[in-house]
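Engineer: Sequence:
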Amino acid sequence: MCNLRFDDTNPSKEEVEYVESIQQDVRWLGFDWDDRLFYASDYFEKLYGFAIRLIQKGKAYVCDLSADEIRQYRGTLTEPGKESPYRNRTVEENLDLFQRMRSGEFPDGSRTLRAKIDMASPNLNLRDPVMYRILRSTHHRTGDSWCIYPTYDWAHGQSDSIEGITHSICTLEFEIHRPLYDWFLNALEIHHPRQIEFARLNLTYTVMSKRKLLELVEEQRVNGWDDPRMPTISGLRRRGYTPESIRLFADRIGVSKNESMIDVALLEDCLRSDLNKRAARAMAVLHPLRVIIENYPDGSVEDLEAVNNPEDPAMGVRKVPFSKVIYIEHDDFRENPPKKYFRLSPGMEVRLRYAYIIKCVDVVKDEKSGEVVELRCTYDPETKSGSSQSGRKVKGTIHWVSAMHAIDAEVRLYDRLFSVEDPNGDDWKECINPHSVEILRKCKVEPSLAAAKPQDRFQFERLGYFCVDNDSKTNALVVNRAVTLRDTWSKIEKA
RNA sequence: UGUCGGGUCGUCUAAUGGCAGGACAACGCCCUUUGGAGGCGUCUGUAGAGGUUCGAAUCCUCUCCCGACAGCCA
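Add 3 to the 1-based position in the first sequence for the numbering used here, that's all there is to it.
Where hints are given, some of them may not hold.
[What the hints assert, rightly or not] In silico PhoX-like links for lysine-lysine, alpha-carbon gap of 25 Å or less:
1) K445 <-> K327
2) K322 <-> K445
3) K280 <-> K445
4) K342 <-> K445
5) K119 <-> K49
6) K362 <-> K327
7) K213 <-> K432
8) K62 <-> K119
9) K445 <-> K432
10) K322 <-> K387
11) K342 <-> K494
[Said to hold, decoys possible] Restraint-style ranges between C-beta atoms, simulated for each label pair:
12) L217 <-> E424: 19 to 27 Å
13) R39 <-> T93: 36 to 44 Å
14) T174 <-> M407: 15 to 23 Å
15) E178 <-> A268: 23 to 31 Å
16) P457 <-> F34: 51 to 59 Å
17) E424 <-> T154: 51 to 59 Å
18) E218 <-> I256: 40 to 48 Å
19) N473 <-> V94: 53 to 61 Å
20) Q27 <-> S276: 44 to 52 Å
21) V366 <-> R395: 20 to 28 Å
Hints were generated in silico from the structure; no laboratory data involved. Don't be surprised by glycine CBs; every beta carbon is placed ideally from N, CA and C.
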């Protein structure tokens, strides 16, 4: 069981715009917090009371030092700090001043409430940390009712305690703050949750820090937080990732305190293994090459049966129309086939998935450019998929769509956002992969996709897993490539 | 040269004093009407040096390397 709490301790940060999308993301991932949605601002009054208690115990004081002065008094990593001249005010004076801070008598930044701990502590967090600052700013939940706001370090542990949290897990950078949280809880003598830290996720070929992600968004190097190249939940969702695949990924990488860099290939594999079992198959041609089957009767159309998912017979079958003119993938034809190339080439045969074996008898080229623009083929009527003669072996099987039945689609091919594994250092933005997205506008997909809606996911046979984009409209299909299939051929060809 | 934390195959992660295992990646083979999926196999690891022990990745000592921390951010 978990709570969802927003630690909205700083009204000057634009938290409002994130509150809704964070909830949406967490819910989409599959978590349910029932009615336990909380805000640290729910506890402002209680926190104020806790602060008074610490003052009364002589464990907190009002300090008149400026931000700069506090920094100077803090000392350094290797040298102890100096005590504030206001450190030994009386309880009465502190109580009075703190109450007047709340009632708005002092200007922003002029005073703070600080915990009275140890200015010589080797842990900087214990050198009299600030608990309250004066800040006149409208809060998204409490409006203008407060002009002093608790710091995160002061609010966090007590908020957990109020909620009766048993285990509070957070990332490693808060490890060094734990002694402070412990100190507050012990001083207050209230329920003491156990905080456990773990390493944050790092992925290869991307950046994860909020600061860098924000920069990418603000400088329009990506199209918003949900750009399919972003490693955000909303980006992954739009890219085509499923909640299941992300949870599988989380299971596989485990939880530890090791600061690690996880190969994005592992994430991709999780998506493949989820979608392999669940995604409907379809045929789509990204770079169409027109093929005319010369001996196929003009005007004739056959509805061929295709299985929706060979991994799951329960997903059934569908009909795919076949006719004299089809499109195949441009790359599935080579005029001069390399060794081990099992697809179409002049004089050679290939199987059309769910249809016939065809043979290439002629190649039509553009007179000027010499580019192959059309193929003339013949088919063997005896080799129809599923028929008695269909067992004839050919090395390759390729996908296709019938030209007169095909639907036009825009396909967006996404690749890694960065071209280096670990884009850190000052020049990280120069490592952005210039080919992280390629937009194809003249793709042809089989007619069954006419009804596809945003977020529908498919495997386009031999190509990869694709997800209908939010930009998609009824007569203007837009799909994103989430991840390619494993491609053994590309490795053979490279070698 | 302060405090805290961390070092196990290329990458993650198991093994809590008793056979260093799994996944991803890579490579090879089989199978295949997706060069998909699947199957089989190969490769590679306890940061270093001492010590305790019948036995150490695990316990002890020293060394080395990496990270976090000097916001009135979270």
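Engineer: Looking back at the hints listed earlier, which ones does the structure fail to meet?
Structural biologist: 3, 4, 9, 14, 16, 17, 18 and 20
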